[in-house]
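For the record, the sequence lines run as chains A and B. 87 is the number that the working numbering gives to position 87 of the first sequence; each next residue is one higher, with no gaps. 110 is the number that the working numbering gives to position 110 of the second sequence; each next residue is one higher, with no gaps.
Please keep in mind that the hints were generated in silico from the structure rather than gathered at the bench. Small disclaimer: the values here were computed from a predicted structure and weren't measured. From the three backbone atoms N, C-alpha and C, an ideal C-beta is built for every residue, glycine too. Treat the hints with care, since some could be wrong.
[Stated by the list, open to error] Heads up, simulated BS3-like pairs for lysine-lysine below, C-alpha to C-alpha not over 25 angstroms straight-line:
no., chain 1, residue 1, chain 2, residue 2
1, A, LYS26, B, LYS116
2, A, LYS74, A, LYS48
3, A, LYS90, A, LYS130
4, B, LYS122, A, LYS220
5, A, LYS26, A, LYS48
6, B, LYS116, B, LYS94
7, B, LYS45, A, LYS220
8, A, LYS220, A, LYS231
9, B, LYS99, B, LYS116
[What the hints assert, rightly or not] Partner residues aside, some chain A positions facing chain B, computed with beta carbon under 7 angstroms:
no., residue
10, HIS22
11, GLU28
12, ILE32
13, THR132
14, SER168
15, ASP175
16, ILE187
17, GLU191
18, ILE193
19, ARG215
20, CYS216
21, LYS220
22, SER221
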Amino acid sequence: MSVILECENLTKRYGARTALDHINLKLEAGRIIGLLGPNGSGKSTLIKLINDLLSPTEGILRIAGHAPGLETKKIVSYLPERTYLDENLKVSSYISYFTDFYEDFDASRAVDMLQRLDIDPDLRIKTLSKGTQEKVQLILVMSRRARLYCLDEPIAGVDPAARDYILSTIINNYDENATILISTHLISDVENILDEVVFIHNGNIRLQAQVDDVRCNQGKSIDELFREVFKC
Amino acid sequence: MTWNLDSSRPIYAQIAEQVHLDIISGLYQPGTKLPSVRELAAQAKVNPNTMQKALTELERSGLVHSMRTSGRFITEDTDMIKRMKEDLAADQIKEFLEKMSSMGFQPQDTLQLIEKILREEKS
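The following block holds chain B by itself, in its conformation from the complex (with noise of 0.2 angstroms):
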C-alpha cells in the first residue's frame, strides 16, 4: 500500500481516513487482522505514535476494535461497513452537484448528462 501524506495536515487523521477507505473498498477484507502498529508505522514511514492515535480514531468510530493480546481487527459488522460505504458515496455526490450548480448546471440537467456520458461511454 502508499500512503500519500501532505505534510500540512495532521498526519493521524490522514492516516485513519486512509484505513477507512481501505475498509469500506474492501482491501481489508471484514473480520481480517491489522499489522501491528510498528509494522504499519513503518510502511507509512511514520513514528509509531502516529499511528497508534490514527489506529485509536478508527476504534473510536468502531471500524476497527482490538483484542487485548491478539491485536486489532476489522469490525464483521458488514451493515455498518456497507452504512459507511454509503455516507461516503452522498458526500462525494453532494460535493459533486453542488460543483455543477456553482457551474450552473440544475441537478435535473447534471442527471442528463450523467446518462448521456453513461450511454456514450457504453457504445
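So that you can see chain A by itself, here it is in the shape it has in the complex (with noise of 0.2 angstroms):
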C-alpha cells in the first residue's frame, strides 16, 4: 500500500493558541478514513493544512510525496465546510470552471449526477436551495478523479434525506485507489462507509484504527467509543 499523507511532528499555532501539536500520521491510499473529534480540535485545521490555505509553524506534511502547493492542489479535491459558489453564476459556468482549473474533472459524470437531481444547469447558484447547493458543490468536488478527497463537515447541516444522497454520492464515485477523508463530528451517520478512524483532540491524535478492529475487539460501534474517549 502505498502512503498518500504523511505528517511528521506537525504543528499549527494561532498566536499563543496551538490547534495542531506536533502530529505524526500515516494514511494509506485506497481507504475511506473518517477524521472525528469534538468542535474545536483541529479538523479543520489538519485539513487547511493539507490544501495549502494555512502554513504549518512547524513539522512537515507530504501529500504522495509533495509538500502542499500546486502539484497537490491537482491530486487532492477539496470540499470545504461551507460552499464557495458564486450565487450570481449559473451551475453550468461552474462545470466549465472546474473543467478549466482540473485536468481529472470529468464534466460528464458532473452533468449527469446534476441531471439524475433535476437540477438545470442554467440555473443561478441563488434560485437553489441551501441543500441544493451543497450537493451541487459536492458532485463539483467528486467529479475530479483525485487522489485524495478531504471532505470538511459534508452532512453537517442537511437533512438526513439529504445526508443519505451525500453518503450514496460519496461511495458511488469513490475509486478504490483514491482516499477519502471525511472529517465529521455526526459519527453515526458516517460510521458504515469507513475503513479506518482518526480521532483528533486539542490537537493531538488520540487514536488511529481499522473500524471493524475497533467492533471486534472492543464489541462497540465508532460512535459509541468516540463518546467514551470524548467523555465531557
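Dock chain one against chain two, each of which comes alone in its own frame, and use the hints as you go.
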C-alpha cells in the first residue's frame, strides 16, 4: 500500500493558541477515513493545511511525497465546510470553471449527476435551496478523479434524506485507489462507510484504528467509542 | 433488499451472514450472478472495501465463486446449500431447546407443546 498523506511533528499555532500539536500521522491510499473529533479539536486546521490554505508553524506535511502546493492541488479535491459558490453564477459556469482548472475533472460525470437530481445547469446558484447548493458543490468535488478527497463536514446541516444522497454519492464515485478523508462529528451517520478512523482532540491524535478492529476487539460501535473517549 | 446493520459488530461479517441467509432461503437462486461490488455497496450504504471483504468471506465458505472477468456467482451445488440450510436450522433448534430447558421444559415436554401449538394453528 502506498502512503498518500504523511505528517511529521506537524504543528500549527494561531498566536498563543496551539491548534495542532506535533502530530504524526500516516494515511494509506485506497481507504475511506474518518477524521473525528469534537468542535475545536483541530480537524479543519489539518484539512486546511493539507489544502495549502494554511502553512505549518513547524513540522512536515507530505501528500504523495509532495509538500502542499501546485503539485498537490492537482491531486487533492477539497470540499470546504461552507460552499464557496458565487450566488450570481450559473451551475453550468462552474462546470466550465472546473473543466478549466482541473485536468482530472470529469464534466460528463458531473452533468449526469446533476441530471439525476433534476438540477437545471442554467439556473443561477442563488435560486437553489441551501441543501441543493451543497449537493452541487459535492458533485463538483466528487467529479474530479483525484487521489485524495478532503471532505470537511460534508453532512452537517442537511436533512437526513440529503445526508443519504451525499453518502451514496461519495460511495458511488469512490475509486478504489483513491483516499477519502471525511471530517465530521456526526459519527453514527458515517461510520458504516469508513475503513479507518482517526480521533483528534486538542490538537493531538488520540487514536488511529481500523473500524472493524474496534468492533471486533471492543464490541463497540465507533460512535460509542467516541462518546467514551471524549466524555465531557 | 434491506440491510440491517448493527454498528457495534464488524459490518463485513454481518453482510456475509445476510447474503448467506439470502442464498439459503432461495432469494438468490443457485447459479445466478450477484450484483457488482459497487452496486451492492451502494445498496447496503457501505464502502466497497467492506463489501469486497464480505464477498471474499462468502467465497471462502464456497457459497459464492468468482469468474475472473464475468463477476461473482452463487454456487450451483444445491446439495451444499441444502446442507448449510440444515446446519442453520439445527443451530436454531438447539438454541431454542436450550432456552426451553432453562425454563424447565424437558425436550419431551417441548415436543408435546410444539405439537399442541401446531394443532391449534391448524384448526
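Okay, the hints, checked on the actual structure:
{"no.": "1", "hint": "A:LYS26 to B:LYS116", "result": "64 angstroms, violated"}
{"no.": "2", "hint": "A:LYS74 to A:LYS48", "result": "16 angstroms, holds"}
{"no.": "3", "hint": "A:LYS90 to A:LYS130", "result": "15 angstroms, holds"}
{"no.": "4", "hint": "B:LYS122 to A:LYS220", "result": "44 angstroms, violated"}
{"no.": "5", "hint": "A:LYS26 to A:LYS48", "result": "17 angstroms, holds"}
{"no.": "6", "hint": "B:LYS116 to B:LYS94", "result": "20 angstroms, holds"}
{"no.": "7", "hint": "B:LYS45 to A:LYS220", "result": "20 angstroms, holds"}
{"no.": "8", "hint": "A:LYS220 to A:LYS231", "result": "15 angstroms, holds"}
{"no.": "9", "hint": "B:LYS99 to B:LYS116", "result": "19 angstroms, holds"}
{"no.": "10", "hint": "HIS22", "result": "31 angstroms, violated"}
{"no.": "11", "hint": "GLU28", "result": "11 angstroms, violated"}
{"no.": "12", "hint": "ILE32", "result": "5 angstroms, holds"}
{"no.": "13", "hint": "THR132", "result": "21 angstroms, violated"}
{"no.": "14", "hint": "SER168", "result": "6 angstroms, holds"}
{"no.": "15", "hint": "ASP175", "result": "9 angstroms, violated"}
{"no.": "16", "hint": "ILE187", "result": "9 angstroms, violated"}
{"no.": "17", "hint": "GLU191", "result": "6 angstroms, holds"}
{"no.": "18", "hint": "ILE193", "result": "5 angstroms, holds"}
{"no.": "19", "hint": "ARG215", "result": "5 angstroms, holds"}
{"no.": "20", "hint": "CYS216", "result": "5 angstroms, holds"}
{"no.": "21", "hint": "LYS220", "result": "6 angstroms, holds"}
{"no.": "22", "hint": "SER221", "result": "3 angstroms, holds"}
Hints 1, 4, 10, 11, 13, 15 and 16 from the list above are not met by this structure, while the remaining hints are.
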